[in-house]
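Given the sequences, and given the hints that come with them, work out the whole structure.
Number of protein chains: 2
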Amino acid sequence: MTVSARAFWLLRGRLGRVSALGRSAASLLAAPGTAGRAFRGFRSSGLRHDAIIISGTEMAKQIQKEIQRGVESWISLGNGRPHLSIILVGDNPASHTYVRKKIKAAAAVDHVDERTVCNGIAPEKDVDGFHIINIGRLCLDQHSLIPATASAVWEIIKRTGIETFGKNVVVAGRSKNAGMPIAMLLHTDGEHERPGGDATVTIAHRYTPKEQLKIHTLLADVIVVAAVVFTPLTLSGSLFHLHNLPVIFIVREIQKDAAQVVVHLEKCFGIPKLITSDMVKEGAAVIDVGINYVHDPMTGKTKLVGDVDFEAVKKKASFITPVPGGVGPMTVAMLLKNTLLAAKKIIY
Amino acid sequence: MTVSARAFWLLRGRLGRVSALGRSAASLLAAPGTAGRAFRGFRSSGLRHDAIIISGTEMAKQIQKEIQRGVESWISLGNGRPHLSIILVGDNPASHTYVRKKIKAAAAVDHVDERTVCNGIAPEKDVDGFHIINIGRLCLDQHSLIPATASAVWEIIKRTGIETFGKNVVVAGRSKNAGMPIAMLLHTDGEHERPGGDATVTIAHRYTPKEQLKIHTLLADVIVVAAVVFTPLTLSGSLFHLHNLPVIFIVREIQKDAAQVVVHLEKCFGIPKLITSDMVKEGAAVIDVGINYVHDPMTGKTKLVGDVDFEAVKKKASFITPVPGGVGPMTVAMLLKNTLLAAKKIIY
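Residue numbers (the numbering used here), protein chains in the order written: chain G, 1 to 348; chain C, 1 to 348.
If you're looking for bench data, these hints aren't it; they were derived computationally from the structure. Among these hints, one or two may not hold up.
It does not matter which identical chain is used: a pair holds within one copy or between any two.
Distance condition first, Cα-Cα at most 20 Å in a straight line; then the derived EDC-like pairs of lysine to aspartate or glutamate [as the list claims (entries may be wrong)]:
(1) K281 with E211
(2) K210 with D189
(3) K315 with E124
(4) K281 with D189
(5) K176 with E191
(6) K210 with D221
This is how it looks when you write it as structure tokens:
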């Protein structure tokens with residue numbers, strides 16, 4: 001099964017190169033050799049199979065191995081090990097539990113303006129990528145620390161070999177930490193300093209009429225769904241120490257099962273089943289950034305779902321990310337990658 | 001004729017308010033009372049008329065009057081008159097002529113990296129809006145000095161009363177001084193610090209297949225065409241003095257007929273007739289940012305045209321901007337407006 005998926009992927013990879021009109025395949029396809037292993041399931045011609053389910057968990061493990069190698073290599077050169085410690089802002093009990101259990105809290109502050117905090121960080125230590133300099137550099141296609149969720153979506157697309165060059169992409173959601181940077185990465189020039197996806201990108205949002213959203217998603221080769229609806233209540237923030245210098249980033253919610261700190265908005269809700277199978281073109285790739293805790297009438301318990309009607313859409317899509325186990329663990333991995341990039345001072 | 005156009009506009013304005021779902025009309029419609037005068041031509045129900053041609057020249061005159069009043073008011077409070085002086089970078093003969101004739105040149109530098117120059121300016125004096133802080137603030141929906149071309153397109157749309165809330169917009173072009181900021185203004189939230197257009201925005205560019213571009217433009221209620229193709233040769237730059245402090249902004253080309261400094265890329269070319277009438281939905285609004293000097297076989301002379309097949313498209317569109325006399329003069333006006341904003345320290 002794994003072998004088939006890998007063979008299929010390699011075929012797509014080669015096709016990708018041909019259609020890339022002579023530009024470097026490296027800029028379009030990241031680490032091809034390692035990607036096939038991230039898949040479960042397969043397709044073959046003539047038979048209708050379910051979508052290849054992209055395991056963010058597996059891909060994140062791969063990236064964490066790469067980061068680990070990067071850290072060891074960095075330490076072997078005589079540098080200190082990058083590490084994080086956290087100061088909480090706000091009173092999210094889950095965050096407190098997390099901090100008590102996992103990381104030594106250093107201080108606590110309430111009622112901090114998010115933008116002031118973001119801009120109060122030195123941009124080179126802003127592992128969350130929310131500082132105005134990082135946003136500015138991102139939007140000008142320069143190297144920057146990229147918001148981890150956007151970076152996760154980019155890596156999933158590129159490592160899976162999903163083509164974006166000249167393709168139609170719909171990004172549903174315009175939040176500044178997910179939808180906007182995702183749209184920015186995907187529409188920009190593949191030959192700029194920080195290569196973009198060269199896709200035709202449609203940015204949809206809460207004021208896009210549902211029937212218009214469907215018209216756009218039916219045209220899309222790739223659908224990224226990140227319909228963040230949130231109540232901006234007390235924020236949970238974190239102060240990180242990197243090389244013994246403080247690095248702040250905004251932690252909004254702590255995933256209970258996360259091995260590392262996760263970047264989500266507190267009181268964050270997406271829209272369950274925003275994307276249904278009638279809205280998806282046969283063979284499209286669907287990346288689900290949504291995080292929704294819904295009541296499961298079968299078990300009576302709360303369960304985690306995305307913004308996509310997964311069971312129905314997977315029958316029509318070529319690739320799909322599950323929730324949980326898709327973008328979530330990849331976001332954690334990309335945050336760690338940002339930490340390593342910051343420690344190594346690669347960007348600044 | 002003028003009366004009819006105005007009456008029509010007022011009707012649209014009211015409809016705009018109703019469809020705005022209760023949000024402040026002021027954020028959607030700028031200076032309604034002054035806009036009707038900018039139109040030539042009219043429409044009435046049952047008869048097929050050509051598009052209302054939006055006169056950027058007339059609208060720019062109106063804005064320049066507003067700026068003039070702002071300047072006089074500013075001076076009456078005891079402040080100095082904002083003024084500009086220029087230092088050229090590069091050897092564009094037109095620029096030299098312009099500077100010799102209009103403004104005292106203060107110095108000359110060659111081979112300057114554009115981004116370094118942009119970021120070398122204090123963001124509060126960056127009337128061109130290209131500093132990374134201004135780009136970052138723009139993309140985070142904060143008040144900023146907005147690139148003049150993008151600002152011109154926004155003002156044209158809002159002062160004309162063209163609706164964007166929940167509408168489909170195609171922005172053809174992803175340049176950092178036009179297409180990108182235009183897309184940013186139009187897709188963002190109308191209730192944020194710097195209100196956006198709340199439109200569903202599709203960003204198309206050179207790698208959008210022509211047939212896909214047509215599919216998208218046929219869905220569009222508003223088409224903004226800014227297909228900047230440029231050869232990044234020697235840049236013409238300018239050093240401005242504002243309150244006797246130097247303000248640099250990048251002047252790329254001097255429009256021969258401009259009363260003020262104009263911000264265009266040197267060796268800047270669009271794509272004449274990129275948008276033809278078969279690509280435009282009946283009743284769409286078409287904003288043409290293109291600047292192309294083409295050979296006119298009728299006269300044997302060079303003439304200025306946009307990216308839109310104007311004569312054919314005006315028969316199908318509801319509103320259209322001409323070239324010359326559309327976005328160009330409005331860009332000049334918005335640059336002056338930025339200068340006044342900078343002088344009054346309204347943003348920073």
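- Query: Can you name, in rising order, the numbers of the hints this structure does not satisfy?
  - Reply: 3, 4
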